[in-house]
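Asker: Generate coordinates for the entire structure from the input sequences, incorporating the hints supplied.
Protein chains in written order, with the working numbering: chain P, 1 to 186; chain V, 1 to 421.
It should be emphasised that the hints constitute simulated quantities derived from the structure, not laboratory data.
Watch out, some of these pointers could steer you wrong.
Within a straight-line C-alpha distance of at most 20 Å, the following computed SDA-like cross-link-like pairs (lysine to any residue) qualify [unchecked claim]:
| id | chain 1 | residue 1 | chain 2 | residue 2 |
| --- | --- | --- | --- | --- |
| 1 | V | K47 | V | R32 |
| 2 | P | K162 | V | H11 |
| 3 | P | K162 | V | D268 |
| 4 | V | K198 | P | Q41 |
| 5 | V | K341 | P | S81 |
| 6 | P | K162 | V | E96 |
| 7 | P | K162 | V | A243 |
| 8 | V | K198 | P | P40 |
| 9 | P | K162 | V | D318 |
| 10 | P | K162 | V | R267 |
| 11 | V | K341 | P | H87 |
| 12 | P | K162 | V | R128 |
| 13 | P | K162 | V | G246 |
| 14 | V | K8 | V | W226 |
| 15 | V | K341 | V | R183 |
| 16 | P | K162 | V | G265 |
| 17 | V | K198 | P | Q43 |
| 18 | P | K162 | V | A244 |
| 19 | V | K341 | P | T80 |
| 20 | V | K273 | V | C415 |
| 21 | P | K162 | P | L172 |
| 22 | V | K273 | P | G111 |
| 23 | P | K162 | V | G264 |
| 24 | V | K65 | V | A224 |
| 25 | P | K162 | V | M266 |
| 26 | V | K341 | V | G381 |
| 27 | P | K162 | V | H127 |
| 28 | V | K341 | P | S84 |
| 29 | P | K92 | P | L76 |
| 30 | P | K92 | P | Q21 |
| 31 | V | K341 | P | E78 |
| 32 | V | K341 | P | Y86 |
| 33 | V | K341 | P | S77 |
Predicted model, so just to flag it, every value in this text is computed and none were measured.
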Amino acid sequence: MTTGNREPETGGRGRGEPPHQRRLSESAKDEIRRLMAQFPQPQSALLGALFVAQDEAGYLSPAVLEDVSAVVGLPLSEVTSVASFYHLYYFKPVGRYLIQVCTNVSCTLDGCAEVLHHLRARLGVDVGQTTPDGRFTLRTAECLAACEEAPVMMVGEDRHGKLTPETVDAILAGYAEPRRPTPEAR
Amino acid sequence: MAESFLLKYVHDPGQAGLEGYLSRGGYEGLRRALRMAPAEVTEEVDKSGLRGRGGAGFATGRKWKFIPPDPGVIKYLVVNADEGEPGTFKDRTLLEGDPHRLIEGIAIGSYAIGAHQAFIYLRREFHRARRLLERALAQAYDARFLGRNIQDSGFDLEVVLATGAGAYIAGEETALLESLEGRRAMPRLKPPFYPAVKGLYMQPTALNNVETLCHVAWILARGADWYRQQGPPILISISGHVAAPGVYELPLGTTIRAAIDAAGGMRDGRPFKACFPGGSSSAILSPAYLDTPMDYDALAKLDVPGSMLGSAALIVMDEATCMVEIVARTVEFYRDESCGKCTPCREGTIWLSQVFDRILHGTGRGDDLDLLAGVARGMMGTCFCPLGESVPPSLNASLRFFRHEYEHHIRTGACDVRAVA
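Answerer: Next comes the structure, spelled out in structure tokens:
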């Protein structure tokens, strides 16, 4: 794999290369090594390492999976196998903000179908798709352990509850471009 | 009269920080534990009667006694903070409101079993809890409640915050250990892989739930006798069609009816139709069972197979609920979360889901109810771990109590439950 155009210290999004060719930055690799040092067996850091890679590259491209495999010292097949088991790793680019709408029992009882329907219409995408401007990817989620606020969704790292079509609109407006500090949601 | 303590401070500003925690008696339990012999600490927890609050309800003191006392053997304590049983949100509440309580419980438990390393396997979606825990851990190290020679006791403990990545099955203890070792979260065979014998890295490991360890901190701070006099309490996550969904601290044995009343009663005064008493892995109960105490034995002894206290997630449904839809959603959940290791779970959940799909799409067949019951029968006692066996209880109970709803769907292609909502 060619790495000729690489700028070692500035990995991640927003650089000139096509996303699928981006490699992990040195600082991301250092972070992975720091995680590995926390455990008696370095493979224990794999889940965290995959998030370091995903957070920087936006998704787990074959290029960054290769980098994770090299840093953690595991076969690429093993790294890919582990990553593919879990719901929160993405193998295709996702929007800047991932919207995860809980559709489990308590949220179903409290009207998540209406919320999801509204989000589909409002964003013009179906579940699993990304808005054309790259801002949002819509997904469903299993119980987010916040049933007291059902129906619930996550936008990026923020949790929002007691959703109605009206509050969903207001919440989405809060995630305007350019990126702003994410609100502390409770 | 029982005093509320588990939730007493979770909404107080500053409680998540060390100063706030210390000002309200924090780390008194650890200080007391460190003055006792490790075996005495285990004995105190055993005497308290505490049973694990993750779902299985195993006695915590007994669990710790399984760990070999030999100091030459490396042991670990692992915290299951991968709360994911549908309807359960008490651990998240504790993590966000009282993170030092968990750290204190971890230190006490590790001291009792002789572990010098502990791991918190935290659900990935708990971003707020992660930020608070990271800060709390750093504070605890600085104040020497963690690290080397804790409070000059000679006891060393390191706590590592690990992450999940989105997998319900990782809540199963051996699958959690696989995940914590950096692999696919697939359960291990028991025996021989009982965590207390061959756990993390094949070493003896105590696996405890977040709420369990918070109880431990209180038990050591106030004593087992005091604890027993308080009920003892459990945290019940109450959601669905109640007026005030939330986490409630109630004495073990509070009836389902009283728990619903504690949560403000039924929303808009609508009649109660059914509930899951212990998350979606438990059976569904009908109004005839409203006076059942929310207690391990009372729920398990009902004539409804699979009825259990579990994680005490009470999901309440009113008369406007379509039970076929709810059970279909539950089956889909287990289908999507099955790890695929064993056939009855992997295939059974898919088959059930296909039958539910056609019933809900108005193309159900006359013999579909027998088919559902037959597939469910094939999953009982045959699955590798509890995930697959979590499906039949709610399905069978719904076929028993709400069979007419299924029959109406199959006969008419429509739901006979008036959508009042």
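Asker: None of the hints should be skipped; say for each whether it holds.
Answerer: Going down the list of hints, with the structure as the test:
1. K47(V) - R32(V): Holds, at about 16 Å.
2. K162(P) - H11(V): Distance ~19 Å between K162(P) and H11(V) Cα, so the pair holds.
3. K162(P) - D268(V): 17 Å, holds
4. K198(V) - Q41(P): 16 Å, holds
5. K341(V) - S81(P): With Cα atoms ~14 Å apart, K341(V) and S81(P) stay inside 20 Å; holds.
6. K162(P) - E96(V): 19 Å, holds
7. K162(P) - A243(V): 13 Å, holds
8. K198(V) - P40(P): With Cα atoms ~16 Å apart, K198(V) and P40(P) stay inside 20 Å; holds.
9. K162(P) - D318(V): Holds, because 19 Å separates the two Cα atoms, which is no more than 20 Å.
10. K162(P) - R267(V): Holds, because 15 Å separates the two Cα atoms, which is no more than 20 Å.
11. K341(V) - H87(P): Judged against 20 Å, a Cα distance of about 17 Å means the pair holds.
12. K162(P) - R128(V): Holds - the C-alpha atoms of R128(V) and K162(P) are around 18 Å apart, at most 20 Å.
13. K162(P) - G246(V): 13 Å, holds
14. K8(V) - W226(V): Holds. K8(V) to W226(V) sits at ~16 Å (cutoff 20 Å).
15. K341(V) - R183(V): Cα-Cα ~14 Å, so holds.
16. K162(P) - G265(V): 19 Å, holds
17. K198(V) - Q43(P): Roughly 18 Å between the alpha carbons, so the hint for K198(V) and Q43(P) holds.
18. K162(P) - A244(V): 12 Å, holds
19. K341(V) - T80(P): Status holds; Cα separation ~18 Å.
20. K273(V) - C415(V): Distance of about 16 Å is within 20 Å: holds.
21. K162(P) - L172(P): Given pair K162(P), L172(P) holds - Cα atoms ~15 Å apart, limit 20 Å.
22. K273(V) - G111(P): 18 Å, holds
23. K162(P) - G264(V): Distance ~17 Å between K162(P) and G264(V) Cα, so the pair holds.
24. K65(V) - A224(V): Since the Cα atoms of K65(V) and A224(V) sit roughly 17 Å apart, the hinted pair holds (cutoff 20 Å).
25. K162(P) - M266(V): This hinted pair holds, its Cα atoms lying about 18 Å apart.
26. K341(V) - G381(V): Cα-Cα ~15 Å, so holds.
27. K162(P) - H127(V): Within the cut-off at roughly 19 Å; holds.
28. K341(V) - S84(P): 15 Å, holds
29. K92(P) - L76(P): At roughly 17 Å apart (the allowed maximum being 20 Å), L76(P) and K92(P) satisfy the hint.
30. K92(P) - Q21(P): 13 Å, holds
31. K341(V) - E78(P): Holds, at roughly 17 Å.
32. K341(V) - Y86(P): 15 Å, holds
33. K341(V) - S77(P): Roughly 19 Å between the alpha carbons, so the hint for K341(V) and S77(P) holds.
Every hint from the earlier list agrees with this structure, and none is contradicted.
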